[in-house]
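> Take these sequences, add in the hints, and give me the full structure.
Heads up: the protein sequence lines correspond to chains U and W, in order. Residues 1 to 216 in our numbering are what the first sequence spells out, letter by letter. Residues 1 to 216 in our numbering are what the second sequence spells out, letter by letter.
Everything hinted at is true.
A pair counts as met if it fits within one copy or between any two copies, since identical chains are not told apart.
Simulated pairs of lysine-lysine, DSS-like, Cα-Cα distance not exceeding 27 Å:
#1 K215 x K102
#2 K134 x K152
#3 K163 x K152
#4 K134 x K44
#5 K102 x K163
#6 K118 x K102
#7 K44 x K215
#8 K118 x K44
#9 K44 x K102
#10 K134 x K163
Just so you know, the hints here were simulated from the structure itself, not pulled from any lab data.
Protein chains: 2
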Amino acid sequence: MRDLFHEELDSITADHIRMANLVHDAIESATRALLNADLQLAEKVIADDLSVDNIQHALDDRTINIIARQQPVASDLRTLVSSLRISADLERMGDLAHHLAKLARMRYPVSAVPEELKDVIFEMGVAATRIVEKMVVVLEFRDVNRALEVDKDDDEMDILQRKLIAQLLNPEWKHSVETAVDMAFASRYYERFSDHAVSIAQRVYYTQTGEFAPKA
Amino acid sequence: MRDLFHEELDSITADHIRMANLVHDAIESATRALLNADLQLAEKVIADDLSVDNIQHALDDRTINIIARQQPVASDLRTLVSSLRISADLERMGDLAHHLAKLARMRYPVSAVPEELKDVIFEMGVAATRIVEKMVVVLEFRDVNRALEVDKDDDEMDILQRKLIAQLLNPEWKHSVETAVDMAFASRYYERFSDHAVSIAQRVYYTQTGEFAPKA
Chain U
1 MRDLFHEELD SITADHIRMA NLVHDAIESA TRALLNADLQ LAEKVIADDL SVDNIQHALD
61 DRTINIIARQ QPVASDLRTL VSSLRISADL ERMGDLAHHL AKLARMRYPV SAVPEELKDV
121 IFEMGVAATR IVEKMVVVLE FRDVNRALEV DKDDDEMDIL QRKLIAQLLN PEWKHSVETA
181 VDMAFASRYY ERFSDHAVSI AQRVYYTQTG EFAPKA
Chain W
1 MRDLFHEELD SITADHIRMA NLVHDAIESA TRALLNADLQ LAEKVIADDL SVDNIQHALD
61 DRTINIIARQ QPVASDLRTL VSSLRISADL ERMGDLAHHL AKLARMRYPV SAVPEELKDV
121 IFEMGVAATR IVEKMVVVLE FRDVNRALEV DKDDDEMDIL QRKLIAQLLN PEWKHSVETA
181 VDMAFASRYY ERFSDHAVSI AQRVYYTQTG EFAPKA
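Laid out in structure tokens, this is it:
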């Protein structure tokens with residue numbers, strides 16, 4: 001039978017997965033809201049971000065409480081400190097989906113994304129949800145091989161960002177500077193979202209192996 | 001006489017101040033490198049960011065070690081957890097100065113900043129260094145009144161960012177989309193830099209008062 005301490009660690013992981021599922025849905029919906037100028041969906045993402053923040057606050061309090069009560073040392077303490085960082089990363093991923101939804105809302109009833117960029121924004125949304133899905137497996141099963149894959153997926157996200165920026169800088173770009181700035185920021189939000197997923201995967205890798213993940 | 005635990009807390013604060021001084025110099029130099037297309041200075045900021053990262057790693061190890069040895073509870077434990085978060089914020093501020101320096105390097109020998117935007121970028125640089133200077137006072141003297149001022153300074157940074165973006169979107173904007181995208185990203189880096197300073201000030205406020213800082 002598992003002891004109380006390990007049950008508590010499991011319950012922290014369960015909350016991380018809850019947060020991860022929320023940010024997964026948030027980035028997916030934010031992408032749809034951006035592409036389809038869907039105001040209702042954008043408003044939902046913006047409102048739902050509060051749930052992620054609330055889980056984080058309660059979870060961090062609980063985690064600090066576990067440290068105080070159990071007085072763990074060595075690897076158990078490192079795991080708990082790492083949990084606090086993982087919840088901070090997840091909270092920030094929620095913020096970034098929220099930023100994308102606000103961009104959709106700001107340009108409503110027009111789509112913030114011009115036709116020529118719809119493919120690449122769609123692909124960034126798909127890449128972001130795929131990364132979160134892998135990250136959930138990493139969190140749930142402490143899967144270090146999958147943790148390394150998250151890093152590779154992030155490289156793909158960087159490629160998509162460069163592709164998007166190249167389209168903005170193409171001499172044939174026919175939209176406004178405002179649209180270019182919107183899209184530059186949007187690409188930055190996806191890229192940072194993905195960076196935080198990598199950071200979470202690397203923390204799990206380190207907690208499991210005691211070593212830093214090799215660069216992809 | 002202070003006990004060992006409080007001496008250890010003081011030494012953590014001393015490291016935070018060392019990091020803060022480094023990011024202060026980094027954002028100041030990055031701004032000059034951007035404005036004057038100063039490649040040597042940009043390279044220095046990029047190289048020096050490693051020192052901030054190194055202090056953070058050593059400090060975090062030490063902080064976790066203090067938690068393991070001293071097994072603090074209640075407010076002492078919260079202070080230590082908050083210290084870990086402060087060092088993460090400082091490390092990120094270093095990254096953002098680094099991003100600005102990389103932008104200066106990427107556009108060298110031309111200044112990344114067109115003439116019309118030199119004033120506002122200069123002002124953002126001044127605002128960023130002023131915020132770090134106040135943040136150092138907050139860290140060193142646990143000054144909660146000064147912590148509230150950091151939040152007001154951040155509002156000024158937001159105003160400067162809006163001013164810069166408005167200039168990009170002005171129909172009279174005569175530079176390339178590339179320059180607009182560069183400047184949009186630069187303004188974002190200054191704004192995020194300032195956000196992290198606010199976050200640090202708020203953590204000190206919370207640690208000192210047990211309450212969240214009121215919104216400015």
